[in-house]
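Trainee: Chains A and B, in that order, are what the protein sequence lines are.
Under the working numbering, the letters of the first sequence match residues 1 to 531, in that order.
Under the working numbering, the letters of the second sequence match residues 532 to 884, in that order.
If you are wondering where the hints come from, they were derived from the structure by calculation, not from laboratory data.
All figures in this text were calculated on a predicted structure; none of them were measured in a lab.
C-beta: ideal position from N, C-alpha, C; glycine also.
There could be a bad hint or two in this list.
30 Å max Cα-Cα, derived DSS-like pairs, lysine-lysine [to be verified]:
#	chain 1	residue 1	chain 2	residue 2
1	A	LYS317	B	LYS742
2	A	LYS287	B	LYS816
3	B	LYS754	A	LYS388
Not the full set, but computed from the structure, chain A residues with beta-carbon under 10 Å of chain B [what the hints assert, rightly or not]:
#	residue
4	ASP273
5	THR304
6	GLY461
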Amino acid sequence: MTFGSGAMTNSINEIPDSKVLFIIGSNPTEAHPIIGTKMKQAVARGAKVVAVDPRRTEMADVADVWLRLRPGTDIALINGIMNIILANGWEDKKFIAERTEGFDQLRAQVAKFPPEVVSKITGVPVDQLIEAARIYATAESAQIFYTLGITEHIYGTDNVMILADLSMLTGNVGKENSGVNPLRGQNNVQGACDMGALPDVLPGYQKVTSPTARAKFEAAWDVPIKSESGLMLPDMIEAAFDHEVRAMYIMGEDPVLTDADANHVREALETLDFLVVQNIFLSETAKLADVVLPAGSFAEKDGTFTNTERRVQRVNKAIEPIGQARADWQIICDLATRMGYPFAYASPADVMQEIASLTPQYAGITFERLGRKGLQWPVPDAEHPGTKFLHEGKFARGKGLFMAIEYQVPDEPPDEEYPLLLSTGRRLSHYNISTRYSEALDSYAPEELAELNPEDAERLGIKDGERVKVASRRGALETKVRITDRVLPGMLWMSFHYKESPANVLTNAASDKVTKTYEYKVCGVKVSKVI
Amino acid sequence: MEWITLTIDGRTVTVPKGTTVLEACRMNEIPIPTLCHDPELSSYGSCRLCIVEIEGMRNLPPSCVTQATQGMVVRTQTTKVRDSRKTILELLVANHPLDCMTCQKMGDCDLAKYAYEYRVTGELFKGGERRHLPLDDSNPFILRDANKCILCGKCVRACEEVQGRSVLDFSFRGFHAQVGPAFNLPYSESECVFCGSCVSVCPVGALTEKKMVGQGRPWEVEKVQTTCPFCGTGCNFDLNVKDGKVIGVTSNPEAPVNGKALCVKGRFGMDLIHNSERLTTPLIKKDGEFVEATWDEAMDLVAQKLGEVKQEHGADAISVLSSARCTNEENFLMQKLARAVIGTNNIDHCART
Ligand code: SF4
Ligand code: SF4
Ligand code: SF4
Ligand code: FES
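Use the sequences and the hints to build the structure in full.
Mentor: Quick look at the structure:
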């Protein structure tokens, strides 16, 4: 966006040599364990760490400064840090002059956030804010890492842009060990976006609204392509509810369990005339389907995944599909053919050929070239060795654009009726819900343990390991609790891995105005003991 | 880069300055046995199996911690070197259970490999005291048999240097020395996060993957490198396949992102592939109940129904949800299906995270 692309700017193997790690809203040792271990290696080599998280994570424990902000106050915090940087003259004047625009607006905006005000909003002491600003701004190089904690808010897009501002202000971008790095959660969320599994862009982020982009694909596919963007998932759910969408085809996902306000999602899907679900298990969503198609697991097919550092890597078929299951790509090809548009690909390598011919970032990629090491996009041609870090010397959009970002409050802050703030996330031993199907992993972490601060526990008369009822405006569930100061007073933390205590019946479906990412991180709940 | 030249077993070799004698040998395919060395870890020089003879040095220095220098003359296979290595191996074997027949590590065990190569007899130190320590069977992932531990310390370094945890350490001294979680706790009671890095470096059967016990011998297993489906880090590893079944995961040192390191999900979560709840046949719902169907029935029905909806309500009355767990190729095909076949831009995938 600000730089003109939404991917990790640096590489995972740069992490151990980092000088400063600024980790915000991200719990890498649990959500991206190997990235977490690389961060710990950096710490062992003397890197400084600034951790920004309401919850005491492992990185918060090893951080030089841990900014324990109130959930949802990230924008105020970063504005405050930029205010301190400017007040001390720690900004990179040369970088700002040569490679950016919009600095004056930023300065005016940031002026509204003096440290004392920010401290009040965020609950972080002023001296910690100053120390964090100093560590980040005066480092020879510094990397920012963020994940769900940043994007899963109604203003998630703003959160991302303001981090870009921070990096440009200090010139910490576009070189080795310096950049802004989203740690993407699901294994191939990067690839799904790259491939245009989005309503507004074709593969390679080419806009469906652009006549030239459409012309290119229309020529290749020999059909007209609609010029208006389609529906994003939350809008699909609403449209299904309103009978505007009549049929859905869902591959590999379980929105009933993973999407915010799960009861509403379920109702919407039940309203459809026709629902097809393709999955390796009979998921909660599949149970609602009219037709269920058994898919092959990743071990049963060839293909590629693109990781969070833009590395396209091979997935290699190890076994034949179980029972009559079929690889997803084969099922899609079969359906297209039956619907009168033959997809005659002999193999995923064949599909990659077409991808490369239409997607500039993947232009030089073939299965053969990927081999055992993969390639990091952009790979513009067949000789190009791939790209370790982005924006060297120049941003994708030319000059980096500073964006003045207003501080906003979460859509549903706690109130009298629902006094606790619920935040959700991932656990180390599980990945969304699919790992629940691993007996080994499941026996190790078989049930939800919602985290509650000792202060609240005492007030509510709840003891460690007891069962509680958690209710929000949308739904209720029961879960066991763990009493711990990992979470702030006034806060409840849950994962979303367990169908026995599906956190997403509670969460708020209000979503970011641009990306429509749900606000999983903040909603009001009340907790009571189960007797 | 500065280069130096030295002689190994009569051969002149040139290597970058700063190379150890062991590395110089390996670069030139001169075999040296090692038990406590791992290229991803710091070197301790404790097992001394990698000893060589170097002109001008009185003792036999361990090659893994000896820097190669200009003009150095190294011999790796003299009688003195071989005899010393054999003695080291005899000592290890004297206090090692010889249940190789049923040991999970058979065929992949460095101690057995070198014992064979050096014709270790087990006679030299016969009758010495042996350890009788209990198995640590306390967790679903890692099986620890301290009787087989040769105290190489690789697991200790892997846990500390790769994983940043320092769960493992040496305890007790002399004959009673052990390596394991601090205070000699079982794994389940330690701070272990079950990344299995320790298992991946253990040269013997002291640490093994519990779920792989009895599932297959190395020579029966085909290893297929692939990319982990559990998070955006994109670790690579080898699926171990026997008779068309994935029996487990082992590290692949070539993996570009992670080397030998993995987390608990990647290393131990793959039993989900053969979970008994896997869908194995298409299902069609009739009167609220799922009924098994053939692919032709199911696919014809889907094509027909989607066709009808498109006909009656237009293409935009259909929405397609692709998946951040599926491959690039599948995502590409799915959006092409939506845009080119159905004729709608209603294509998305779950949670843009
Ligand atoms: S599994 Fe990982 S954390 Fe546990 S002891 Fe082994 S290396 Fe350490
Ligand atoms: S458990 Fe294995 S890796 Fe660890 S010290 Fe013993 S032999 Fe070495
Ligand atoms: S092994 Fe762990 S860290 Fe690596 S990709 Fe898999 S889930 Fe992520
Ligand atoms: S390998 Fe060199 S001393 Fe052990």
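Trainee: The structure should be examined with respect to each hint, and the outcome stated for every one.
Mentor: Hints, one by one, checked against the model:
Restraint check for A/LYS317 and B/LYS742: the C-alpha separation of about 22 Å stays at or below 30 Å, so the hint holds. With a C-alpha separation of about 9 Å, the suggested pair A/LYS287 and B/LYS816 falls inside the 30 Å cut-off, and the hint holds. Taken as a hint, the B/LYS754 and A/LYS388 pair is honoured in the structure, with Cα atoms around 29 Å apart against an allowance of 30 Å. The interface hint given for A/ASP273 is met, as the beta carbon of that residue sits about 6 Å from the closest beta carbon of chain B, less than 10 Å.
Checking A/THR304 against chain B by beta carbon gives a least distance of about 5 Å; that is within 10 Å, so the hint holds. A cut of 10 Å between beta carbons decides the hint on A/GLY461: the least distance to chain B is about 30 Å, and the hint is violated.
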